[in-house]
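Protein chains: 2
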Amino acid sequence: MQISLEQMHSTLLKLFLNYGFADAKATLLARTFSESTLDGVNSHGINRVPLFIKYIREGIINIDAEAQLAGAFGLMERWDGHGGPGIVNATKCTTRALELAKNHGIGLVALRNTNHWMRAGSYGWQAAEAGCMAIMFTNTTPNMPAWGGKESRLGNNPLVIAIPRDGGHVVLDMAMSQYAFGKLNEYKLAGKKLPFAGGWDQHDQLTRDPEQIISTMRGLPIGFWKGSALSMVLDMLAAVLSAGESTSSIADKQMETGVSQVFICIDNARFGDGSIRESVLRDIIEYTHRSTPIAPGMRTYYPGEKTRITRQKNLKEGMMVDDGIWEKVTALAGD
Amino acid sequence: MQISLEQMHSTLLKLFLNYGFADAKATLLARTFSESTLDGVNSHGINRVPLFIKYIREGIINIDAEAQLAGAFGLMERWDGHGGPGIVNATKCTTRALELAKNHGIGLVALRNTNHWMRAGSYGWQAAEAGCMAIMFTNTTPNMPAWGGKESRLGNNPLVIAIPRDGGHVVLDMAMSQYAFGKLNEYKLAGKKLPFAGGWDQHDQLTRDPEQIISTMRGLPIGFWKGSALSMVLDMLAAVLSAGESTSSIADKQMETGVSQVFICIDNARFGDGSIRESVLRDIIEYTHRSTPIAPGMRTYYPGEKTRITRQKNLKEGMMVDDGIWEKVTALAGD
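Quick mapping for you: the protein sequence lines, in order, are chains A and B. Just so we're aligned: 314 in my numbering is position 314 of the first sequence, and the numbers increase by one with no gaps anywhere. Just so we're aligned: 144 in my numbering is position 144 of the second sequence, and the numbers increase by one with no gaps anywhere.
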């Protein structure tokens, strides 16, 4: 069904208030879940709300927890999320990294003891809107084997890189797995094979069968050994900088919680050459856009471009939301 | 043939002095090319020396150029490499980023107008030896299509992430292409197909045939659309932060030059918890090492682990160097 941004926002606001969130937090959560859905990321927007509520009911997410400063050295800070809602903690840490960047040129905030931040890109868009570049990442529960090994020992550890641009921000939002588990589910429901291998089957063979991968929970890192290595170092950076948990200890928990995240913001406007930035970015984008399509109907995009197209379409036409999901959400909201 | 570190260093030192380099620069070049070879990266060590000399002869590399400060805002600096040797410029900028990190917690140096830095990992090892984490990257000439496009429009833009560790530094050194062109050449010479698709053939199909990829010069990004996007944003960050050239303008040159690079160093010892760092890293490494091998003879490694094994072996046994390459190098050295 088609839902407008306003409708979703007001339903979610009611829902979060019902669940006891303070006004400001309920508003932030309603806005973030709605905007992720507006941008077409239903998997970490509206579709995820019932699971988020389950986490609250099971006492894994503490709705009143406030992230607090746990250590500081100038432009580097370490925060403790105290098991609060991931969106609230991550937004606060992004805001703080932006403040540090505005003061020092760069700001780094490392956050421990937090929960899933939902759509990684949300914080990249937040930074870009504030005129800063950003490099951000989180660790997760294990869902991919390290290259050469059999059991899942690495998280898919989403990485965000954002670059502000007058003509539309560049925002990369990329997990280290070839396919998100949400995407595997879509292929499974459609009865389709993946275009490329996406994980391991029960006989330790790479497979394009989404059902097999969902059952083994052994996703394939992008670029095989390369994404495996990149995923591992992101976990290391996050756990060391925050003095928090790594995928190795998150693995011991029944449900994913206590993750570690890093928010680096760079105020490149400090160099005072916004016009150079715009022309450099335009050159790169035009150069790639000028490619001959490799197959009919294909074209190149810069990271964030499809999001922008989807956002504009959804603002006009409303957001496509699964009927069953919307029914669950409205029931939770008491509508 | 087998060459000792001392023998290679003294031959290269003679060579670089012959070509007119000042003492300190000749020593740095000899050391860096030798150490890359010691670590098993012959492709960007000894094998690359003849091409480096060709660049000097053609006047693309200016042996006397000194990188100079072109702009500064506290811990963020912009340097101009003035077309000097890539190793000399990159080492200088790493040293400067480390100084800034020691003073401020983080240091960022963006370098423009430089040349190929040879082995990317060299600067990650330099940072780790100095006790700092590092995130570094460079852009390059185009050698991969952007996802959806036909012509090569992206560089393979190597990325380095380093994390110091008492038990052996973690150093990721990773280009955005599934296979380096040096690796494709090895497979071609051995008459073998690649284990996985590595690029596009002349009919715009993905192929495991190294010869086809070398002839089209259209490599495959890691993770298909994902590595394509990551490569593009690294180019954007490098060109914007340095106010330097992007892959789109480097493409116009006969030979690759004028590249842009970024050196970010983080002095995480600032938080004063070295023992936490060691135990976190040990946990992650042990957790992945404990994986059951997915196939006989396989095991997991942390990034930098194989380098360390190779280094220790080569220190004991000498480095394996291609006879033809060594003949060329000794001829250039006038031996």
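Read the hints as simulated data drawn from the structure, not as lab findings. Model, not experiment: these values are computed from the prediction. Errors might be hidden in some of the hints.
Chain copies aren't distinguished; within one or between two, either way the pair holds.
Claimed, not checked - Taking lysine-lysine pairs in the DSSO-like style, the calculated list, with each CA pair at most 30 Å apart, reads:
| id | residue 1 | residue 2 |
| --- | --- | --- |
| 1 | Lys306 | Lys183 |
| 2 | Lys150 | Lys313 |
| 3 | Lys54 | Lys316 |
| 4 | Lys102 | Lys150 |
| 5 | Lys150 | Lys193 |
| 6 | Lys316 | Lys193 |
| 7 | Lys328 | Lys102 |
Mind listing which of the numbered hints don't hold for this structure, in increasing order? 3, 4, 6, 7
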